[in-house]
Amino acid sequence: MNGMDMEPIGPQNYLYGCELKAGKDVIFNPSDDDGEHQLSLRMVCVDPSTKDELHVVELEGRDTEGEPVKAVVATLKPSTLPSVCLGGFEITPPAVFRLKSGSGPIHISGQHLVMMDTDQSFDEED
Amino acid sequence: MNGMDMEPIGPQNYLYGCELKAGKDVIFNPSDDDGEHQLSLRMVCVDPSTKDELHVVELEGRDTEGEPVKAVVATLKPSTLPSVCLGGFEITPPAVFRLKSGSGPIHISGQHLVMMDTDQSFDEED
Amino acid sequence: MNGMDMEPIGPQNYLYGCELKAGKDVIFNPSDDDGEHQLSLRMVCVDPSTKDELHVVELEGRDTEGEPVKAVVATLKPSTLPSVCLGGFEITPPAVFRLKSGSGPIHISGQHLVMMDTDQSFDEED
Amino acid sequence: MNGMDMEPIGPQNYLYGCELKAGKDVIFNPSDDDGEHQLSLRMVCVDPSTKDELHVVELEGRDTEGEPVKAVVATLKPSTLPSVCLGGFEITPPAVFRLKSGSGPIHISGQHLVMMDTDQSFDEED
Amino acid sequence: MNGMDMEPIGPQNYLYGCELKAGKDVIFNPSDDDGEHQLSLRMVCVDPSTKDELHVVELEGRDTEGEPVKAVVATLKPSTLPSVCLGGFEITPPAVFRLKSGSGPIHISGQHLVMMDTDQSFDEED
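These protein sequence lines map, in sequence, to chains U, V, Z, R and W. Going by numbering that gives the first Met the number 0, the first residue of the first sequence is number 0, and it counts up by one from there. Going by numbering that gives the first Met the number 0, the first residue of the second sequence is number 0, and it counts up by one from there. Going by numbering that gives the first Met the number 0, the first residue of the third sequence is number 0, and it counts up by one from there. Going by numbering that gives the first Met the number 0, the first residue of the fourth sequence is number 0, and it counts up by one from there. Going by numbering that gives the first Met the number 0, the first residue of the fifth sequence is number 0, and it counts up by one from there.
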């Protein structure tokens, strides 16, 4: 956590983690009362309890027209590829994660970034 | 989606996803009426329905002379490497994705970035 | 090490390494007397002495509410995936690493960044 | 392609692709009449016609003394690791790619960046 | 190589490559007479002559107290994972690479960056 003595500029960095199971979507849509939010996806990983089949992680977000768009962000299988790095795939809310295939559980982790200072935006970053 | 209270500087970040099949090219060539476009490629993934053979994803873009150039950006096989991270491979349109080998489907995902402010360009980013 | 002739701006870069074993958590919570700290996670790797089972590395940090949150950052198995790149997963202390599954040892490495200059913050970086 | 209405600052982004075979080196040494050049290596991939043996991609560039130096940038095998991400390995010309082992073909792709504005340099980027 | 007409700001980019064998450490500790040095590690790769066993690459650097610290940066095996991307793991000299396990050879490659201009530092970069 960053203390009170920090500069108000730039995003604050928090930890994000969620678990996907078949039929259990995970929504990323924080209230923007407390600033502008972004998710920098880092890792998608299987669990020892994950069945040995291909698991496909689908992300639903918005395209340039503001319409919903689906994209596959990872395909994993415990005995072949138990972890995959997404390398900082930046997601602007609202977004939904779901398993397109496989029963899970699948773990997703990343950085939840919050921009407090409205004089700046994430667009300047990266 | 970023709201009206955002700064007009820097690129807007949208989700991009497409699916490749043999003989079905995907073109990325958005109209630049609404700004300057760029694609930051993140992941290439197989599907449970993808046949277990090597799939080669080819990208056609432009070289420094403005001539078409082809480049292989991923080779995947469901039983060996079901996902591969491209790590933010930046593509300036026009670009065409196609399967050089394999019947698909193969999923591509990334960030579709749009620079609204003509006083800045992507060239300043990254 | 950077010498006295260096600019006081920006973070100083040090090496970070730790080893996880079952039941032996590793805490990253440096005193901020000497500046603001951040960890840029780079690699998670097995050891030749690591048993051939799935090892799940869990990270505990803070979410946007300041509450503890757990995230899986890597799942490895010596015979399948002996190393995985985290690609600069940025962690703000306090944070705890532990093995959620597997007996270890598992090695974690990265860059320990220290921001000396309080007129800047990590938020401006990256 | 970026149009005439673009800012002259920062690098222009083009696609780069080449194919390596045993005994057939590929040289990256564009004329700098039209600006300063850099190659951001992204992916190295096998082809379905690539023999199932270890292929080692060697890069020859210059060290800090201006002397030729060789570095291995990827080792691939179709049945083990058909693609590997280089994550933006930045190469300043002149550079030569060759197969140190294996008969190929091996595909290399990346971004060819050209800095037109001599008042800036790549050194400021990244 | 960057010519005389370049701006003196920012780091110069050179190629780095070394080979590790059991009992043969590689030291990265360039004289800083000619500027400030940094190593951006990109790839660790096996060779066709590398024995099919787990190879563990250890890096020795300095922690925030200036004390020596060891970190495992890659674990490879020719038949499982012949190459691994380190994604730009930044190393400040002095540093030592060695094989903690395995007889090698193992190849390491990256970018050797030199900051000539003492009015800037690497701390501002990245």
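Just so you know, the hints here were simulated from the structure itself, not pulled from any lab data. Computed from a predicted structure; not experimentally measured. C-beta atoms are modelled at their ideal positions from N, C-alpha and C, and glycine is treated no differently. Do not rely on the hints blindly, as some may be mistaken.
[Claimed, not checked] Ranges of calculated distance between the beta carbons of each label pair, as one might list FRET restraints:
(1) U/S78 to Z/S102: 15 to 21 Å
(2) W/P67 to V/V25: 48 to 54 Å
(3) U/E52 to W/E64: 29 to 35 Å
(4) U/P47 to R/D24: 45 to 51 Å
[Stated by the list, open to error] Some chain V residues flagged as far from chain U (calculated, every beta-carbon gap over 12 Å):
(5) M42
(6) G65
(7) L85
Hint-by-hint comparison with the structure:
no.: 1; hint: U/S78 to Z/S102: 15 to 21 Å; verdict: holds (20 Å)
no.: 2; hint: W/P67 to V/V25: 48 to 54 Å; verdict: holds (52 Å)
no.: 3; hint: U/E52 to W/E64: 29 to 35 Å; verdict: violated (48 Å)
no.: 4; hint: U/P47 to R/D24: 45 to 51 Å; verdict: holds (47 Å)
no.: 5; hint: M42; verdict: violated (5 Å)
no.: 6; hint: G65; verdict: holds (25 Å)
no.: 7; hint: L85; verdict: violated (8 Å)
Violated hints for the displayed structure, listed by number in ascending order: 3, 5 and 7.
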